[in-house]
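Chemist: Here's the letter readout for the chains.
Number of protein chains: 2
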Amino acid sequence: MTKYIDGKKIAAEIKAELAVKVKLLKQKNIFLSLAVILVGDNSASKIYIKKKSEACQEIGVNSETYVLKSDISIEKLNALINHLNDRKDINGILVQLPLPKHISENQVIEMISAEKDVDAFCAVNTGKLMIGNYKFLPCTPAGIIEILRHEKIEISGKRCVIVGRSNIVGKPTAMLLLQNDGTITVCHRKTKNLKEICLNADILISAVGQAGFINKDMVKKGVVVIDVGINRDSNGKLCGDVCFEQVAKLASHITPVPGGVGPMTIAMLLKNTIKAACLQNQILRV
Amino acid sequence: MTKYIDGKKIAAEIKAELAVKVKLLKQKNIFLSLAVILVGDNSASKIYIKKKSEACQEIGVNSETYVLKSDISIEKLNALINHLNDRKDINGILVQLPLPKHISENQVIEMISAEKDVDAFCAVNTGKLMIGNYKFLPCTPAGIIEILRHEKIEISGKRCVIVGRSNIVGKPTAMLLLQNDGTITVCHRKTKNLKEICLNADILISAVGQAGFINKDMVKKGVVVIDVGINRDSNGKLCGDVCFEQVAKLASHITPVPGGVGPMTIAMLLKNTIKAACLQNQILRV
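Chains as they are written, first to last, in this note's numbering: chain L, 1 to 286; chain R, 1 to 286.
For reference, chain L alone in the conformation it holds in the complex (with noise of 0.2 Å):
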C-alpha cells in the first residue's frame, strides 16, 4: 500500500506546536515579527509571500510585507535590508527569490543578517549546514527530512538520489541527508544514465521544475518519493515533477503536490524565525 504524504496536515501539527512557542514567548514580552520582501510583480512569488504573511499570522507572528518596484536599485534595496537589520522588534528577514535580472541574488542575500536570515540562504549560514554546526536550515530541506521523520522512514545507509543541484534545494538537502547518515548522489542536466542512477534509489527526491520529468520507468518497487517541484501541467494544473498516478503505484511513499513539501517549507520558516527569536533573546529553548 502506498502512503500519500499529507504535508499539509504534518504542517499543520508543527504550526500548532509552534503557536505554543509563540504564546510562551508572548508571555516573556518577546513579539515575534518577520520582514517579507517582494521586488516586482512575479506572480507565483505573490502567492508564496501571501502563504507566508497568513501562515505567520495562524501562529501570531506578525509580519510586514514590502512590495517594491522591480526597477529598484540595488543601493535602495540594501537601505531597507540594512534598517530591517537594526531594527530589534524584526525577527527574520526574507527576500522573496527570484529577483528581476538587475539585481544580483548573492549579493542580496548577503544583505541580510546573518542572524535574520530565516532562509538560511547566506555563505554563513550554507557553511554551517555543511560543516553540520547550524542554527538554521534552509526551509525546503529541512521539511523534506521533517517529512521523513514524521514518517519513520530511516535514512542511514540509505540510497538518497537528488536530482537537481541547486543552492536553494539540490545542494542542502544532500548536504542535510548525509548528516543524516544517507548515502548521497546528486544528478542534474549533465547527468548520464539518470534512469539507472533513479532506479538505485531508496530515497528519490526531484527538484528539477518540469512536470513529468521522473516517470515509473525510473523508480524500484518501495522507493519513497519526495516531490519539490512546482509546475504546471498542459491544462494549467499545479503538479510536480513526477508523474504521480504512475509512481504512486510503485511508491511506498510519495509527496503530492501541491499539499506536500509546500507547506512543510512554510513550516520550517515559521520554525526558524521562533529559533531566531530566541538566538536574540538569549533564550535557549522554549
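Keep in mind that the hints were calculated from the coordinates and are not lab data. Careful: at least some of the hints might be erroneous.
As the list claims (entries may be wrong) - Here are the computed distance ranges between Cβ atoms for each label pair:
1) R149/L / D71/R: 37 to 43 Å
2) S73/R / D41/L: 55 to 61 Å
3) N106/R / G236/L: 47 to 53 Å
4) K9/R / E75/L: 46 to 52 Å
Said to hold, decoys possible - 20 Å max Cα-Cα, derived SDA-like pairs, lysine to any residue:
5) K135/L / L279/L
6) K192/L / S156/R
7) K192/R / E154/L
8) K26/R / Q282/R
9) K192/L / N215/L
10) K220/R / L279/L
11) K46/R / K192/R
12) K195/R / S156/L
13) K88/L / Q282/L
14) K195/R / C243/R
15) K135/L / S104/R
16) K195/L / N200/R
17) K192/L / L199/R
18) K69/R / S45/R
19) K135/L / I153/L
20) K135/R / I131/L
21) K192/L / E115/R
22) K8/L / H150/L
23) K8/L / K237/L
24) K195/R / I153/L
25) K88/R / K46/R
26) K192/R / I153/L
Bear in mind the structure is a predicted one, so any value in this text is a computation, not a measurement. Heads up, the beta-carbon is just placed ideally off N, CA and C, and yes, glycines get one too.
Dock chain R against chain L, hints included.
Modeler: Frame of chain L, contents of chain R only:
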C-alpha cells in the same frame, strides 16, 4: 596503459608559476607572509608544517611558525590569532589540525579572519564554496581538481564517487566535482553496497584513512583513482587507502601515496596565500 599521476611534478610546475607571481608582487612592494600555528607535538603535524614552511621558502613567501604547548588555553590561542588577523604584513593564517581535545576545532577555525583563512575551512568560505561564489578553495579538494585538469580528465557527466565525508576533504571535494558537472555520490561508514557503488565510479576519490581500504574488486577497468589517504602499512611504510599495485592494473590513472595529492595540497596552500595577498591589496590579477 595505466598513467601514474606524478603529483610532485605537477605541484612543482604550479609552484614555479607561483614563484613568478611572488616576484611580480615583490616588485609592487608586496612581500607575502604565511603564519602557521601548531598546537602540541603531533609528529605527523610537525612534518606537515615543516613541508609547508619549506614550500613557502621555495617560492619566496615568508613563513612564521608558532609552536604552542598542547595545554594552551583557547583564550591565549584566540589572542594570538587576533594579533595575526590584525597584522597587515601577514596574508594567510593556518592552524594545523588536529587540535588537542580540549580545544574546539570549529571554534578556532572561526577565529581566523575569512580574508586570511587560506585553508578555506571557516563557515563563510565553506558556504561560498557550496554556493559556487568563492575566493579560496580548500587545498586538498582544489589540488584534486587541479590534478584532473592537468591530466585532461573530463569531470562533466562522469560518475564521481567520494568515499569519506569529512568537512576538510569529502564534502568540499564532492561540491567541487559537482560544480564541474560531475555526478557525485558520497559514501561513508554507514553506506551499504559500497563495493557496488565504487564499481560504478568513473572517478573514485578515497579519503578514508585506512590502508588497503580500496581493493581491485571495488573498481572497474579504466577508473581514475585519486587516493587522499595517508596511512602506515603493516611495515610502517607510508601508504594511501588504495591497494596500489592491484588497483593500478585496472585504473586508467592513479595517484600514489606519497607523491600524489599531498604535494598538490601544499601547492594550493601557496596559491591561496598569493590570492589572499592580492585580495588584501586590491590586486585583481598578477
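Chemist: So if I understand the rule, the pair passes when the alpha-carbon distance is 20 Å or less; does K135/R with I131/L pass?
Modeler: The given pair, whose Cα atoms are some 18 Å apart, holds under the 20 Å limit.
Chemist: Verify the proposed pairing of K195/R with S156/L, using a straight-line Cα cut of 20 Å.
Modeler: holds, 17 Å
Chemist: Has the given pair, K46/R with K192/R, been kept, meaning a C-alpha gap of at most 20 Å?
Modeler: violated, 37 Å
Chemist: Does the alpha-carbon distance linking K69/R and S45/R stay inside the 20 Å limit?
Modeler: holds, 14 Å
Chemist: Can you confirm whether the C-alpha distance between K195/R and I153/L stays at or below 20 Å?
Modeler: Status violated; Cα separation ~24 Å.
Chemist: Given the hint that K8/L pairs with H150/L, test it: the Cα-Cα distance must not exceed 20 Å.
Modeler: holds, 13 Å
Chemist: Just to be careful, I want the Cα atoms of K192/L and E115/R compared with a cutoff of 20 Å; is the pair within it?
Modeler: Given that 20 Å is the threshold and the Cα spacing comes to 38 Å, the pair is violated.
Chemist: Hint check: K26/R vs Q282/R, CA-CA at most 20 Å. Holds or violated?
Modeler: Since the Cα atoms of K26/R and Q282/R sit roughly 15 Å apart, the hinted pair holds (cutoff 20 Å).
Chemist: Can you confirm whether the C-alpha distance between K88/R and K46/R stays at or below 20 Å?
Modeler: Violated, because 27 Å separates the two Cα atoms, which is more than 20 Å.
Chemist: Are the Cα atoms of K195/L and N200/R separated by 20 Å or less?
Modeler: holds, 14 Å
Chemist: Just to be careful, I want the Cα atoms of K192/L and N215/L compared with a cutoff of 20 Å; is the pair within it?
Modeler: Judged against 20 Å, a Cα distance of about 17 Å means the pair holds.
Chemist: Under the criterion that the straight-line Cα-Cα distance not exceed 20 Å, is the pair K192/L, S156/R satisfied?
Modeler: holds, 10 Å
Comparing the model with each earlier hint shows violations of hints 10, 11, 19, 21, 24 and 25; every other hint is respected.
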